[in-house]
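Enquirer: Single-letter residue listing:
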Amino acid sequence: MKIVVLVKQVPDTTEVKIDPKTGTLIREGVKSIINPDDLHAIEAALTIKERIGGKITAISMGPPQAIDAISETLGMGVDEGILLTDRAFAGADTWATSFTLGKAIEKLEGYDLVICGRQAIDGDTAQIGPQVADHLGIPQVTYVFDIEEINKERIRVKRRLEDGYEVVEAQLPALITVIGELNVPRYPHMAFLLDACRERAPIKVWNAADLEVKIQQVGLEGSMTHVIKTFAPKTERQGEILQGDPKEVISSLLHRLRDKRLI
Amino acid sequence: MARVWVDTELCNGCKLCIKKCPYGAVELRDGKAFILDTCTACGSCIEVCKFKAILSDIEPRKIPDFSDRKGVWVFAEQREGIISRVSLELLSKARELAAELNEEVSAILLGYNVSDLIDILIEHGADNVFVAEHELLKDYSTIPYTNVIEGLINQYKPNIFLLGATHIGRDLAPRISRRIGAGLTADCTELSIDPEERLLLQTRPAFGGNVMATIVSRYSRPQMATVRPGVMELKKERSSKGEVIRYEVSLNKQDMGCKILERVKEEKKGVDLTDAKCIVAGGRGVGDKEGFKKIEELAQLLGAEVAGTRVAVEEGWIGTDRQVGQTGQSVRPELYIACGISGAIQHRAGIMNARYIVAINTDPRAPIFQVADWGIVGDLHEVIPEMIQQLKERKASGGELDA
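Protein sequences appear in the order of chains U and Z. The first sequence begins at 6 in the numbering used here and counts up one residue at a time. The second sequence begins at 953 in the numbering used here and counts up one residue at a time.
One chain only, chain Z, in its complex shape (with noise of 0.2 Å):
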């Protein structure tokens, strides 16, 4: 096991280290730093060193050769011969991805007569489309899935596959990654290209705390990462080529290990968070469900949709198809309004894209008024009502209250 330690000799307590370990293994002990058994090694400290007093044994470990991997690929995630919002705008970013590259994109299509999909794949950008089609996978299941893409990507090698974050993308991503030996982030909100040594930056909020990790997959192929749906922006984008490759693939009942009795269609009971142009949003501090109501009121005066964080949700405050953040939707409106919200990073991943943020909290340190474009230190039992009460005053005298 690698160790690392300080020469106490070098080190003058800079605390540069403390602040750079992503671990907090490292404290200030008479005037120099300890580093503590939560250590992982895994250098950070010992890069940000100015007097090189920090040491190990790390002995850096072995890059495979990965020179015959090629081509960013895409999950095409279809259900009832529907293609997914998201798989279509990873496909978008994977253009981006694959032109930095200077290699092909690629969409993976799994199920039974879909052919009539494989066009909207190419509108939207795939150089090739992978088709694999048998009764079997004509809805998803974990394990034939599984078996098929193990299949793809033996043969093709890809470079970097992404997937939907879906209640699908993500059943399928962590089991196919554990059988192909891949290393997988989840729900990344930035994917960009280093231009030293052309690895995948995957961009995540980490550690349950207050900070953005970008993640790479040194050691192995491809490349996986997940994204959630509404992060990536969707360009319609032909590809010149589009290639369909059709995969045989031989199934039996017996492996499926799952059998699906039943599928139930429920009505979606609120709208698609991810569309709505304005969104008004309580968290903790609106206290309890008859809070709620005041969200609600607010968010009808100006046509807007009503959501929560996770804690609202927990609280049964409002139910769980109306959560934003790392759980639950991210969402880009126009405008978003957070009530009693703190700001966890959690929530704020799911909030990054929205073009103006109002904050509303009583505590000043809330982390929400570093993301928001006005904020309000302030109850939101008293500022919600005052802002309702305007609203409707300038209503009553004609003004305009368009949405």
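Only chain U is shown next, with the shape it has when bound in the complex (with noise of 0.2 Å):
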């Protein structure tokens, strides 16, 4: 079984501070980190390598720096890793990317299951599973929640409904996309990124031309989508901070809540 994560490596968001005094984002201290969702999707690969053999492969795109995640990769159990980078492929939006990340996937030797997290989150569209699987031309099941079986030919999954979930049979080459219910990610083996930090780590790195990618397909400029502004979000609201005794203050904000008849 020759299994495909993609992977992304996000900033991590749960600890956002904001200056309040500009109103900007403290950067300082925000640590990279591979995303969640993506965690579980090498979960789910190594899993399936334990059940029926194979061999992993995991794709990022990404800066330089990116190196970090697929290292990581490989500190959990992954078999190769494939950094995507180039300048040219910045500011990409999910359209480019995800074709950046198929071609990609096309000039390996062959490939039965893509796994990728359900979304990033410093984005959160949750597009590029089924983008790149479209551009692949295979099946795509996505919010996978359990692997019930794989071989060969297909696999079944469980995929989440907000009502409920189907049981869904997918034809192999395909896509799956899964959340974090799938599993527990195990954590990095030491020796493992010991040695995946060595110079000989199996980690290949290929840029637009190994790629055969024409700048203006990739990046900003292969984008279908642009930022035109940036603006911090309006705030309508009164911000009232209510300080002084515990007592008193818990008892004033009651009453405000009272006076505009909401308790």
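Calculated directly from the structure, the hints in this document are not laboratory data. Don't take every hint at face value.
[What the hints assert, rightly or not] Stretch by stretch, here's where chain U covers chain Z in the computed footprint (C-beta under 8 Å, at least three residues): (1) 984-998; (2) 1086-1100.
[Unchecked claim] Facing chain U, from chain Z, some residues (calculated, C-beta under 8 Å): (3) 1147; (4) 1171; (5) 1215; (6) 1333.
Note that this is a predicted model, so its numbers are computed, not measured. For glycine and all other residues, C-beta sits at the position ideal for the given N, C-alpha and C.
With the hints as a guide, bring both chains together as one complex.
Expert: Printed below as a string of structure tokens:
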């Protein structure tokens, strides 16, 4: 079984702080992590490999430092990693990103299953999985929370819906996107991590020329959507901070809520 | 590859470009702006520089002729013969956009024996309803739905296409976007028409940070966007036209790619938070599952629903079905009480439509205070029990406690 896992390195956005004076994001100390949903994708690949054997390739597109994310996947037990990095890839929307990732997958010596996390915490679009599947012309199953069976020909999974779930069988090759409910990702193995940092670690770095893509097809230039404006979310709130003795503060809050007939 | 550079003679180090750069790719070196490798040549800094000190060899990209693209389309999502509410919300929005553009609103209905749904769509503002009926379209399945809609788009050439950001919409929209070569913006919180270029302005939280971004699809049609349930207001406004266009499809079982073996309905554990009048929500600051019991107690006293942030859900303190935010549900209650929530933009995006927000947090710098009507800087583990106490006292003394 040849398994491809798509991985994104993202800023850890759970600890976002805003400078109260300037209203801008405090960037210092925000570390980069593997996107949480992608960890579940890696774990799913490792579990399948343990069950029926195979080889796992992790692919990530990002700046050169995204190699850390690749190393971490090797630390978890992934067999080889490919980093897609080129200044021409920068500023890509999901359309250009899925094109670039799709080209990289096509360059591999075949694949049976592509696994992605449902979405990345820095964009929350959940678009890359289905877009890559369509680029490759293969079936997709999104929101997978259970892999019931997999063999050379097909995979049977459970797909989460808002009001229940579906049991879906897909012909391989196929692409699935997974959610956190699926599994608990393992921690990287120290010995594997050390190996991943060696010079001869099985990590390839591909640029636009390696993928044989035109610069007009990737990055900002290959994108269909463009950001024309960014702004701080408008706040039309009163923004009253209640201060003083805790008992009084709470009593005055409850008073205000009653005034507005909210409680 | 286009490049951007700084004429250090002209640059006076005013930092305007640093503030403007959406990618954080400009910094100050020796008192002058310096463009980093992370630059994407988007051109924002060039526009903002008052001294014309930023130069580039960016070539303007050619915009194709889209004059034959007309109409605002909405995907009428149905499950078991029931139209999802978000599709009707989108029809309301589509009417607004179409009025501005002087174009028509069309609903796209796929299914099997779904003709009785047509009138609901017209009642909610669809001037045209495109109906594709086939046994294989009865329940949603990615590939047949994509193929049929691809055909419709190629034949009828819409200008805008909106879909609900449901599990179905988020499976289908990117697949269509890739197929037809159109840009797609996920989870928009605002949609409007740019008066000059007449483009669809798609606004959503971006960069995993504290900013909103307005996005356009200048180079492809239709301009595709998804919107989460509960974000747009539903206004029932009947179309005076209401034309039905039947679209013939031929589908093969072999083309499906996936086989749905079973569909299981699970009892909803909680209510739909989108309809809740009052919500008490907890985040990282709640600390553990035990802490959520206090939140629950307060919610019960107020007749409110309990909710949590992504962190609270990931920690297992509360179920996924009660997650509020960009990944969870968008809510519009009268009152939202945020306890121990720092207020990451993804969470704030989900509560923007709340009428009143109360924030309780130990960190005065937490962004949640910027969107709160009333804030208490303090430990929720002390504040909430005190609130519960005072509410109970009042109740005991015969005071009103109507929810």
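Enquirer: Hints first: check each against the structure and report whether it holds.
Expert: For each hint, the structure was consulted:
1. Residues of the stretch 984-998 of chain Z with a Cβ under 8 Å from some Cβ of chain U number 6, which satisfies the need for three, so the listed coverage holds.
2. Coverage of the stretch 1086-1100 of chain Z by chain U holds [criterion: at least 3 residues with CB-CB distance below 8 Å; count 3].
3. A cut of 8 Å between beta carbons decides the hint on residue 1147 (chain Z): the least distance to chain U is about 14 Å, and the hint is violated.
4. With its C-beta approaching chain U no nearer than about 6 Å, residue 1171 (chain Z) sits inside the 8 Å limit, and its interface hint holds.
5. Given the 8 Å rule on beta carbons, the hint for residue 1215 (chain Z) holds: about 5 Å separates it from the nearest Cβ of chain U.
6. Taken as an interface hint, residue 1333 (chain Z) does not check out: its beta carbon lies about 12 Å from the nearest beta carbon of chain U, beyond 8 Å.
Going through the hint list in order, the structure does not satisfy hints 3 and 6.
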